[in-house]
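A.B. asks: Sequence:
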Amino acid sequence: MMRALIIIVLIGALMWGAPQGVKIVKSQLNRGIRNNNPLNIRISNNAWTGKVTPSQDKAFETFSDHKYGFRAAAKLVRNYQMLYGLNSINEIIGRWAPSHENDTANYSQFVAGQLNVSPNAALNLADNELLARLVHAMSIMEVGRYYSLSDAKQGVALV
Numbered sequence: 000m001m002r003a004l005i006i007i008v009l010i011g012a013l014m015w016g017a018p019q020g021v022k023i024v025k026s027q028l029n030r031g032i033r034n035n036n037p038l039n040i041r042i043s044n045n046a047w048t049g050k051v052t053p054s055q056d057k058a059f060e061t062f063s064d065h066k067y068g069f070r071a072a073a074k075l076v077r078n079y080q081m082l083y084g085l086n087s088i089n090e091i092i093g094r095w096a097p098s099h100e101n102d103t104a105n106y107s108q109f110v111a112g113q114l115n116v117s118p119n120a121a122l123n124l125a126d127n128e129l130l131a132r133l134v135h136a137m138s139i140m141e142v143g144r145y146y147s148l149s150d151a152k153q154g155v156a157l158v
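Reading the sequence shown from the start, the letters are residues 0 to 158 in numbering that gives the first Met the number 0.
Don't read these hints as lab results, they were simulated from the structure.
In this text, a Cβ means the ideal position worked out from N, Cα and C, and glycines have one as well.
Distance windows between CB atoms, simulated: (1) S63 <-> Q27: 14 to 24 Å; (2) Q55 <-> N119: 36 to 46 Å; (3) A120 <-> S149: 16 to 26 Å; (4) A121 <-> L148: 14 to 24 Å; (5) N119 <-> S54: 29 to 39 Å; (6) Q27 <-> M81: 33 to 43 Å; (7) N86 <-> P53: 30 to 40 Å; (8) Y83 <-> Q27: 35 to 45 Å; (9) I139 <-> R41: 12 to 22 Å; (10) A104 <-> Q55: 30 to 40 Å; (11) S117 <-> R33: 32 to 42 Å; (12) R144 <-> S98: 19 to 29 Å.
Construct all of the structure, not just a fragment, from the sequences and the given hints.
C.D. replies: Below, the structure written as structure tokens:
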């Protein structure tokens with residue numbers, strides 16, 4: 000019972016902010032937040048700006064600041080479009096969060112709703128404003144409502 004209450008408080012704090020007087024210790028946050036990796040980018044050989052090596056996590060990248068996590072995500076998503084011709088939310092999310100690991104259809108619908116576009120609409124990811132909105136919406140699916148659009152814009156500005 001106590002564990003369930005703690006989990007409810009933590010989830011509430013992540014979604015709506017911690018109640019006054021409640022402290023959230025970083026170790027209690029989900030791994031994407033602990034790792035400053037808002038979109039849960041898996042470990043790779045990429046020499047990301049702001050990458051912490053070795054990573055504090057065995058599966059996911061760790062960044063020195065969340066803006067570098069958003070930067071890396073923006074670069075990846077933009078590369079999906081430029082290198083692989085993935086132009087719609089359905090195509091991008093299909094690669095980012097494949098259906099064998101995620102509810103890809105729900106993820107795509109959520110992100111499309113946040114951007115107020117069709118999941119099949121072609122996106123112009125050369126537009127930094129749109130790119131920031133996209134990675135911000137994706138971060139909500141990945142780690143909850145922890146980061147702001149302003150946080151995402153900081154990272155996109157570094158691309």
